Amino acid sequence: MRFLNLYWRTIKDRLLSWPTIAASVILYILLVIGIYPSFAGNPAFKAILESYPKAILSLLAGGGGGLTLLSPEGFFSIEFLQLWGMIIVAGFIMATATAIVAKEVDGHTMDLLLTQPIDRVEYLTARVAADLTMVLGLVVTIMGSAWTGTKLFDFPLKTDGLIAAGVLLFSLYVLMEAFCLLMGVVMERGRAVIVSVAALIASHLLNALADFNKTIEGWRWLSIFHYYQPGEALITGQVPWPVVLLFSSLAVVLFTAAVVIFREKDIPA
Amino acid sequence: MPVIETEGLTKYYGKSRGIESLDLAVNGGEIFGFLGPNGAGKTTTIRTLLGLINPTSGRATVFGLDIVSDSVAIRGRTGYIPGDTNFYPKMTGAETLAYFAAFRPKTPPVMRDDLVRRFDLDLSKRCKDYSRGNRQKLAIVLALMHDPDLLVLDEPTLGLDPIMQKEFYDLLNDFRHRGKTVLLSSHILSDVDKTCERVGIIKAGRLVAVENVSELESKKVHHISAMFSDSFEVREFSLPGVTVIRHNEHSLELKAKGEIDPVIKALAAHKIVDLDFEHASLEEVFLEFYGEAGE
Ligand SMILES: Nc1ncnc2c1ncn2[C@@H]1O[C@H](COP(=O)(O)OP(=O)(O)OP(=O)(O)O)[C@@H](O)[C@H]1O
Ligand SMILES: [Mg+2]
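Chains as they are written, first to last, in this note's numbering: chain A, 1 to 269; chain B, 1 to 295.
Keep in mind that the hints were calculated from the coordinates and are not lab data.
Computed from a predicted structure; not experimentally measured.
Hints may be right or wrong, so weigh each one.
Listed below are the simulated DSS-like cross-link pairs for lysine-lysine, each with C-alpha atoms no more than 30 Å apart in a straight line [unchecked claim]:
(1) B:Lys166 / B:Lys194
(2) B:Lys257 / B:Lys220
(3) A:Lys265 / B:Lys257
(4) A:Lys103 / B:Lys128
(5) B:Lys90 / A:Lys12
(6) A:Lys12 / B:Lys106
(7) B:Lys194 / B:Lys128
(8) A:Lys46 / A:Lys158
(9) B:Lys90 / B:Lys106
(10) B:Lys90 / A:Lys103
(11) B:Lys125 / A:Lys103
(12) B:Lys271 / A:Lys12
(13) B:Lys128 / A:Lys12
(14) A:Lys265 / B:Lys128
Full structure from sequences and hints, please.
Structure representation (structure tokens):
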């Protein structure tokens, strides 16, 4: 009852932002997939792409390794799963997950909530569950739009590849959710968002620049994008379970830390 | 058994003292006043009892339940009103009440409509459009609508106009007569002495006295200021226990400790234009009676 009350409240709060993001995701994916045939069929583009310095391509692709923009898998992965899709949904996660604790504390509404008979662990669980439901909805929307795109346009992506990439993508988002939640527990909202954005950008740069610098290469294992390779999942149709497990375990560790710290947290007047 | 009982309850915010070794007992069915100057530790005590902040050491029980391990059960039977409440700006008053009522499925908000009528509150407005006083009324309805067994109030009448304040204190009395318990914090003596049977006096984080209101020392100190249309001699007021604070040709300000009858008689010898007569402020009382304690 309390759990569901918190859960539905959280969903209702996003009744405007979620559909907006879902709609822009659908439009953007169909657009990207729609222009692909003219793009891939044009030899001039191929020439331009090949003339680009490898560094720029890699930076765009986030250290995508062997992926090329000229295959549907590479194109969808680099253009969307590692770039715009990442930015749009990561933005949603950063805004919502940091709000769970920090926004209520900053706005002093946490007082009202925690003087009700609500357990603090229950509070975090209910709200994270609601946020993850919506994130899952976005992942399904992304993969569903791509699947629709393969039917509408000449864009051959395998269905099992889409599912596998979807699982990988969702596990990455779960990890981001846990990270942003923890930031919202230990600091105020504005800072939590800044730290989350900085961590994401740093992670991307670390992985991308590691291709060119030996010292950075040694630290690459710290970047989540080193493990996140949706292009491969699209091609093989295999869920990269070790990576999914890694992301989920990290998420559990971060969530547990958030719970432990939140339980001890003083809610100042 | 007391409804609230603390033993050596201590809270430090890092190195800064919140409350220190507080021993407090509030009995069932009483309105207990919790009185102290700014920064004494009233809010800290109340928030610790409600589980909003964790005690540094010591222990406390409410309804015999431990405040740390059984906090949820305690909050299920307790209503809380802080001095200023922030609600969700976009929700209306009605939505706010419905949202919070859903957290207490076992105790329906039986008193909701009655309270809304009593305080003449418009529930259709969004919380961001409420004035401070109306926000306070909403907080009162929210805390009382489930008819809790204990009310914890932290300067609850800040922002209420005098008529609503009276309404509120009447409500507390009804509440108490039904066997419920109230812990009422305030730094305004007159708030407390009209409603409470007993008061605890807190200073610099420590409980320095618990007294029956009727015996409260402060009642024995008065502030008097008078304006006369005729002139007077200061020495007319050199009576035992009386200190003249200020005077000029037509006005006089004095402090009277103990018996006030002689002062009134002395005043009455002149033609009075205006007269102010009040209990001394809490701060003065503290200096007077509890000055050494707790420092
Ligand atoms: N979050 C905090 N961090 C550090 N010190 C704090 C904090 N909250 C309270 N204090 C300190 O604890 C002491 C007690 O404060 P508290 O708010 O409990 O007093 P109070 O009796 O409620 O005062 P008031 O009448 O002003 O509301 C004060 O000295 C205050 O400076
Ligand atoms: Mg206070």
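Hint check:
1. For the hint linking lysine 166 of chain B to lysine 194 of chain B, the alpha-carbon distance of about 10 Å falls within 30 Å, and the restraint holds.
2. Taking the CA atoms of lysine 257 of chain B and lysine 220 of chain B, the gap is near 6 Å; set against the 30 Å cutoff, the hint holds.
3. With a C-alpha separation of about 47 Å, the suggested pair lysine 265 of chain A and lysine 257 of chain B falls outside the 30 Å cut-off, and the hint is violated.
4. Restraint check for lysine 103 of chain A and lysine 128 of chain B: the C-alpha separation of about 16 Å stays at or below 30 Å, so the hint holds.
5. For the given pair, lysine 90 of chain B sits about 12 Å from lysine 12 of chain A by alpha-carbon distance, which is consistent with the 30 Å threshold.
6. Straight-line distance between C-alpha atoms of lysine 12 of chain A and lysine 106 of chain B comes to about 24 Å, which keeps the hinted pair within the 30 Å bound.
7. Taking the CA atoms of lysine 194 of chain B and lysine 128 of chain B, the gap is about 33 Å. The hint is violated against a cut of 30 Å.
8. This hinted pair checks out: lysine 46 of chain A and lysine 158 of chain A have alpha carbons roughly 24 Å apart, not beyond 30 Å.
9. Under the criterion of a C-alpha separation no larger than 30 Å, the hint pairing lysine 90 of chain B with lysine 106 of chain B is consistent with the structure, at around 27 Å.
10. Using a Cα cut-off of 30 Å, the hinted pair lysine 90 of chain B and lysine 103 of chain A holds, with the two alpha carbons roughly 14 Å apart.
11. In summary, the hint linking lysine 125 of chain B to lysine 103 of chain A is supported, as the alpha carbons are separated by about 23 Å, within the 30 Å threshold.
12. With a CA separation close to 69 Å, the supplied pair lysine 271 of chain B and lysine 12 of chain A exceeds the 30 Å bound.
13. As the CA atoms of lysine 128 of chain B and lysine 12 of chain A are separated by approximately 19 Å, the hinted pair is consistent with the 30 Å bound.
14. Simply put, lysine 265 of chain A and lysine 128 of chain B have alpha-carbon atoms about 27 Å apart, close enough for the 30 Å limit, and the pair holds.
The structure does not agree with the numbered hints 3, 7, 12 stated previously, though it agrees with the rest.
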